[in-house]
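Asks: Throw the hints in and build the complete structure from the sequences for me.
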Amino acid sequence: MIRPRPANPLRANPFPAILLVVFLLFFVVPVLWLVLAATKTDDQLVHGAPLSFGSWHALSANWHALTGYQDDAIFLWLRNSALYSFLSLVITIAVAIPAGYALAMTEFRGRRTLLIATLTVMLMPSATLVVPLFLEINAVHLIGSMWSIILPYSFYPFGVFMAYIYFSTALPGDLLDAARIDGCTEFGVFRRVALPLAAPVTALVGFFSFVANWTNYFLPYVMLPENDQLPVQVGLGTLLSNVPQFNPTAGTSAVERPELALATLLAISPVLAVFLFSQRFLVAGMLAGATKS
Amino acid sequence: MTTRTTAQSARAGAPARRRALLPGRAGHAFVAGYTILLIAFGIVPTGYAIYFAFTNDGGTFTGLSNFTDAASDFRYLPAIGHIALYLVCWLVSLVVFVVGLSLLLHRLGARPVGKVLRFVYYIPGALAGAASVMVWLFMLDPAVSPVSFVLRAFGFDTFTQVIAPGHLPVLMTVIAFWTGAGGWIVVMYGALNNIPHEILEAARMDGAKAWQTARRIQIPLLRKWIVYMVILAFAGGTQLFVEPELLSQASNGMAGRDYSPNQLSYDFAFQNNNVNTAAAISVELLLLGLVVAAVFVARSGFFDAD
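Chains as they are written, first to last, in this note's numbering: chain A, 72 to 364; chain B, 3 to 308.
Source of the hints: derived by calculation from the structure; they are not laboratory data.
Fair warning: this is a prediction, and the values are worked out from it, not measured in the lab.
Note that CB positions come from ideal geometry on N, CA and C, so glycine has one too.
A hint or two may mislead.
Partial list, derived from the structure: chain A residues whose beta carbon lies under 8 Å from chain B [what the hints assert, rightly or not]:
| id | residue |
| --- | --- |
| 1 | Ala132 |
| 2 | Thr189 |
| 3 | Leu194 |
Replies: Printed below as a string of C-alpha cells:
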C-alpha cells in the first residue's frame, strides 16, 4: 500500500526528535557498554575508558575461556533454552489465539468467568506459584522432565489477553457476520476470516511468549535438577555465582566478568533475532478497507 | 499475505445454505485448550497458595494468623512504604513515556529510523535477571560508569552515594523502565497501527494537529491497551522483586535487601521455610492488584465484547 509521505513530521518542532534521541541513549548506552565489555580483559574493564574497544585478542581469549567452561556447556544451555521455548511457543499460539478470539468475538456461558479467572491468575505474584507448581508437577512424577517447564510455560494468560484485546479492538464484527451470512461455520469464520487477519497479534503473542520462556529463571531452577538440562538463564546464574567479584566464596573454576558479558550477549542474541523476525509482521493497515462503515 | 483476498474468497466461495452454528457452543470449543492449561497451571496453584495462606505447615486452618505474623515482622511496614513510593514513580513514567514514545514512533511510520529505534528501545528487554546484574553494577558506579558524568552532575562520587536509600525508588524505576518499556512500546505501536488510516486522515483534513489527534483519537482508541498495561504494571509494581534483588546483589547487600513485600515473601518461603506466611503476603498483593483491576475494568468496559 503506497501512501503519500508527508514531509518529515519531526522536522518542524525539534522537541520530539530530542526526546527520541535522549531515550535512544538511555536504552543503548548500557547495551553498548556490555558489547564492548566482551572485548576487554578484566583489568581493562575496571581501569580502561568505559566505552572503549578492548582488543580482538581479549575477545578471542574470552571466547575460549567461556566455551571451555564445562566443555561447551554454554552451547548445551542455549540448545536447551531453544527447545523449551520453541515447544511452549507452539502450544501457546495454538491455544491462545483461538481463546482470545472466542473471548472477544463470541458470547458463551462462562466467558466473563474465564476473563476474570485469567486476570486473577495473572495478578498473582509468580514466585508464590512456584512451590504449588512444584508440588503439583511432583504429584504427576514429571520433575526432571522437560515437560515440567514446557507445560507451565505454555499457559500464557498475558498472550490470551493480548489476542482478546486485539480481536475486540481491531476486528470488525460486521466482517464476521458477513461471512456467517455467506454460510461459513463458526470454525470457518475463525479459520478463513479471523486467522488470516491475526498475523500481527500472532507475532506479538509468539514473540512475548518466546521471550518470557527464554528469560524465565526460577521455574527451571526448581524443576530441572540435572546439570545438562539447564536453560541458558540458569546457566548464566551459575556463571555469575562463579565470578569472584560477585561471590567472594567462588571456588577454583572462577569466571571473569568479560566472559560473563560475552555469555550474556550470546544468551540475548536469539531473542533479538526473533524480535527482528516478528517485527516484520507488525505491519500497518492490515484491516484497511475491510468494511465500508 | 493478501488478507483482503482471503476474506473475499471466504465470502464468495462458501455455499450460502447453512446458518451459523450457535456461537455459544463454538465458543467453548475455541477456549477448551486454554481452559485446561488455565486450570492446571493457573487456578490450581493459585488455589493451593491461598490454602497455604490460611493454614499452618501441618495443614490446620489457622485463620488470619499468617497475615498477622507477616504484618508484625519489622520489615513489613517499611516494605509497604517502599513500594508505594516506587509505584508512583513507576506508573507515571511508564504511562507517560510509553504512550508518548509510541505516538512519536508511530508518526515516523515505516521510515527505517523508526524501525531501528523500536528495535534499539527493545534490546534491554532481552536482558532479564542475572544478565543485567553486571550492567547495573557498572552503570551506577561513578568510578567505572560510562555515564559517570551524569552521576557526578547529580553530585554522586561513589557507588554508596548513588544507592542511598532515598534514591532507590527512582533507581528501580530507571532499571525497570530500561528493561520493561520497550516491550510495551512494541505493543502500543502495534495497537496504533490498527487504527484505520481513514480516521487519522479525516482528522488531518479537519485541521487537527498531531497533539489533538493523539489526545482526541489515538489515545481514546488505545484505551483497552492502556488499561491493560496499567493493571499489569500496578500488579507488577507491587510485586517488585528483580530490581531490588539486583541492586542488593550488585552492592553486596548494602541496598535493596528486604526492600519489597515480595522479597520478604521470598525470604519467608526459602530462607525460613515458612511457605504459609509467604503465601499470606502474596495473597495480600493479589487482593491489592484485584481491587485496582476491578476499578479500571469497571470504568473502562474492558470485558465488554465489541
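Asks: Taking the least C-beta to C-beta distance, is Thr189 (chain A) closer than 8 Å to chain B?
Replies: Holds - the Cβ of Thr189 (chain A) comes within 8 Å of chain B, reaching about 6 Å at its closest.
Asks: Less than 8 Å between beta-carbons is the criterion; does Ala132 (chain A) satisfy it with respect to chain B?
Replies: violated (18 Å)
Asks: Given Leu194 (chain A) as an interface hint, is the shortest Cβ-Cβ distance to chain B below 8 Å?
Replies: Check passed: Cβ of Leu194 (chain A) comes within 4 Å of chain B, closer than 8 Å.
The earlier numbered hint that this structure contradicts is number 1, and it is the only one.
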